[in-house]
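Peer 1: Here the protein sequences come in this chain order: Y and F. No gaps in the numbering here: position 141 of the first sequence is 140 in numbering that gives the first Met the number 0, and each next residue is one more. No gaps in the numbering here: position 117 of the second sequence is 116 in numbering that gives the first Met the number 0, and each next residue is one more.
The set of hints was computed from the structure by calculation and includes no laboratory data. Just so you know, these numbers come straight off a predicted model, no measurement behind them. Note that CB positions come from ideal geometry on N, CA and C, so glycine has one too. Some hints could be false.
Claimed, not checked - Calculated cross-link-like contacts (lysine to aspartate or glutamate; reagent style DMTMM-like; alpha-carbon spacing at most 25 Å):
| # | chain 1 | residue 1 | chain 2 | residue 2 |
| --- | --- | --- | --- | --- |
| 1 | F | Lys-81 | Y | Glu-138 |
| 2 | Y | Lys-81 | F | Asp-127 |
| 3 | Y | Lys-97 | F | Asp-125 |
Stated by the list, open to error - Derived coverage of chain F by chain Y (criterion: at least 3 residues anywhere in the stretch with Cβ under 8 Å from a Cβ of chain Y; other residues may be distant):
| # | segment |
| --- | --- |
| 4 | 12-25 |
| 5 | 193-205 |
There are 2 protein chains.
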Amino acid sequence: MTKPHEKPAIRWCLECAYDGTLFSGWQSQPSGNGVQDFIERRLETIFRIPVRIHGSGRTDAGVHARGQVFHFDADWPYAPDKMRVALGVGVPRTIQIKRVKRVGSEFHARFSAIGKRYIYRIYEGDADPFTRPFVWCLERPRRLDLKLMEEAAVNLRGQHDFTAFAADNGTELENPVRDLRRLEIKSQGQSLRLAFEANGFLYKMVRSLTGALVAAGEGKLRPDDIKQLLAGGQRTARVATAPPQGLFLGKVFY
Amino acid sequence: MTKPHEKPAIRWCLECAYDGTLFSGWQSQPSGNGVQDFIERRLETIFRIPVRIHGSGRTDAGVHARGQVFHFDADWPYAPDKMRVALGVGVPRTIQIKRVKRVGSEFHARFSAIGKRYIYRIYEGDADPFTRPFVWCLERPRRLDLKLMEEAAVNLRGQHDFTAFAADNGTELENPVRDLRRLEIKSQGQSLRLAFEANGFLYKMVRSLTGALVAAGEGKLRPDDIKQLLAGGQRTARVATAPPQGLFLGKVFY
């Protein structure tokens, strides 16, 4: 119950982008170097009380975001866009506050999400210094066979137990079935862009799927191997985890 | 004269790219933080003697390069591409060694150059964190009038005394006439790309021309003002210098 003299705080939903290169991931860290830490410190300055934010999910150290979503509760009597500006000027330039909107108190950045999109970018060859921080650079040009990758993708799309393409995150076993609604491989010159959409992702799932797709493109994993790995239901050394810097959290769906 | 037991060293011409964000410019610095310092330190490790390199010209702190050129003399009995790799792995990831070739001893990266191309990138609005380090971000969207910019450009192209669009670099007065052979303004969405080609550029000339072109696009400098400034032959407060992070040394012509 809200006491008569207290107005219930308003819930705010924000979207942000960040270059993850120098952060210790999204989540708050003892070092204070999580993206969340920088945002919370700035909010504390603005609101003069500690403000806890809730993200749609974590991103690992070195992973980027174009559309990370988080929410928090606070009273803010001004226009939402003024909050965007006030928050934006007080966080590192590698974080951009893109949108602020007022939402109902039932909204939760994590639990209300019905899906996510991740993008993984690969570069075949020696990428220039402006591209390197944002791609997995296969420096000894290995020509990936797109047809083989597409055949592997056919076996990955849809609803599966993705344990073979995830890492143990040390938490209690959750249901490892996910619906990979979209897996798209686009090639342009020396760049390869993988898009993944699912109702949710297991820990390191996108980077593991990417590692497997690259192995498929090199002829090291055949489409049948993918089927067997899915059916086996456990992570093996046959699947490598792609490095973090090629990965972007693209969009959270609500 | 070369003594009989000494083979004259071979002259090597190299092309490199760098993200200038964290360097103190191209030139060697007491701090050791010039791009040149990192390359020379690596060459000393490779050749086991100090190697002095000669660039096509300086770039200021924060300015980037896609095609900076330098030369040095050294004996290297292996394929040129092996030098590219050996040098590339020992410099920061923000420097890329693109090409190595053997040249005649008459070649000089600076004095043999017959022209240069610079690119300046502008973004109208709040650029994302992946673009911000490489553009001049006009955060309060000021709509630049391209027609006005083009009219200003007409008066800048060709051979002029560009003193009004340069900064004093503290050295002896040199001939301030340059031939601006190309000045191209391309707009795509919120991005604006300015390309400059000349037989040579005065100190901070591209950033000053960019500052003037933006002022022209905002209606603050009229085409006639540009003419008068050129004729006046001195730098005034009417011309602002654009920030370094939007500037790229694109190509050196020989």
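Peer 1: So which of those numbered hints doesn't the model satisfy?
Peer 2: Of the numbered hints given earlier, the structure breaks just one, which is hint 5.
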